[in-house]
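Go ahead and model the full structure; you've got the sequences and the hints to work with.
This is what each chain is made of:
Protein chains: 2
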Amino acid sequence: MISIMRTIIFFLFVLSACSETLLRTSVEKPDRASSFPENEELCDSWRLSVETNNAGPWEKIPEVCVPNVISYVKGDTYYLDSKVVAMESLKFANTVEIAGDGKDVWIFDIDDTLVSSVIYITLHGRRPTAEEYPLSPPLPASVWLYNIFLDRGFKIVLLTGRNESLRELTETNLLFAGYNSWDRLIMRGESDADKTATVYKSEKRAELVAEGYKIHGSSGDQWSDLLGSPVATRSFKLPNPMYYIP
Amino acid sequence: MISIMRTIIFFLFVLSACSETLLRTSVEKPDRASSFPENEELCDSWRLSVETNNAGPWEKIPEVCVPNVISYVKGDTYYLDSKVVAMESLKFANTVEIAGDGKDVWIFDIDDTLVSSVIYITLHGRRPTAEEYPLSPPLPASVWLYNIFLDRGFKIVLLTGRNESLRELTETNLLFAGYNSWDRLIMRGESDADKTATVYKSEKRAELVAEGYKIHGSSGDQWSDLLGSPVATRSFKLPNPMYYIP
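Line by line, the protein sequences are chains A and B.
For the first sequence, my numbering gives the first residue as 340, with consecutive numbering after it.
For the second sequence, my numbering gives the first residue as 340, with consecutive numbering after it.
Worth flagging that the hints you see were computed from the coordinates, not collected in a lab.
Check the hints yourself; a few may be wrong.
Because identical chains cannot be distinguished in the list, a pair is counted as satisfied if it fits within a single copy or across any two copies.
[Said to hold, decoys possible] Derived BS3-like pairs (lysine-lysine); straight-line CA-CA distance at most 27 Å:
hint, residue 1, residue 2
1, K399, K430
2, K430, K534
3, K399, K534
4, K413, K399
Structure (structure tokens):
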């Protein structure tokens, strides 16, 4: 009897409140997954799939979504999204007890985490080669967060995919962009050349843990900044629909 | 000399292209992280922070964002976002070689993955208790994906936080919603009662792996569906800004 009533209730639900949803099932099947997305209507959802790592590895921005991505990274939404990442990071950081032994670490990636590639990429349509690396402007919310973390007593470790050959330029860039007093700037050495970012960054985090550092937080625009092992207690993904680094 | 030129280039960049961004640094600091978000302007970004797990554990929808969340889950964006998750899932599934030994598994969560709580939650403002569980309508993109996976030869495992006491209702619900031929429906038993979803679901995945299953993919609306150990080869996060399960 309960079963029958449930069936009736279910049909009432479906017919009254959900008819539009069910209609969509038969009419609007997402039936082409190979060249995707095919229309601009899906570009916001594609960006979400990148940010959640649902998209997995991808090589270039889908052609139909290039205008959407440019408008996003140059516009207010990217700014607000980044600001909210900083605020969520601070909310968590406020719960961390700093031991005062100099071992409490927050890791930041550099490109599109502390400084922005937006100008370079919108000008050139691609990331810079090692020879072309520009001095990049800061991401405002990251400057704000970084300096609060310094005040709070976090040790700041910068862990970047940039090569050692860019050390001087990178340090200059960071200082001009408003960053200073980092504890360590870890860059790719010769032995890291063939490693994916996930492997290289995991190894460097493992070295920090072996040295007795507690990695409370990690901020990066790529999932390869945040995944692997060991990971930080909490990882924070900054938005980046411009490129994917494995 | 190179350093000076770089400095000049940097300032040109900053002054010409980025003045608006830098202005924001000083004017619009995100300076209150405790009661957050405070204004509706940030609600889309808050939803993104939930989907990327930047928000971490949260107990209820921020009051200022309730209209935004209702409008999202009842509107086209949620539908499109879910559709894109299904398409990304299929893109990956197309790369999986099915061995034909009956061990190739895809795991689906149930609530807000296969069937939708949107109607219940917008009516009652909360999730149902065990006594109130409704027969829920399907998520259209999930019905589509599920049936393709069946055709392709994936074994379907349903791994839900619902209690064993709901087994009959759940099976009825799934059949009415368009799902069938699952290999296994795993529900919380008495010994799982006090476990977080992350622990309970990780343990169940570990049992599957111990039985020789290869968990190629996992689909869930909660990070607790997807994190822990072992994980699927690829995990797919469906959108859900309505509640958080640890």
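Comparing the hints with the structure gives:
1. Taking the shortest alpha-carbon separations for K399 and K430, only the inter-copy value of 16 Å comes in at or below 27 Å, while the best intra-copy value is 34 Å.
2. Proximity of K430 and K534 under a CA criterion of 27 Å is satisfied inter-copy only: 26 Å between copies versus 33 Å inside one chain copy.
3. In this assembly of identical chains, K399 and K534 lie within 27 Å of each other by CA distance solely inside one copy; the values are 21 Å within and 41 Å between copies.
4. In this homomeric assembly, K413 and K399 come within 27 Å of each other (Cα to Cα) only inside a single copy, at 18 Å, whereas the closest approach across copies is 32 Å.
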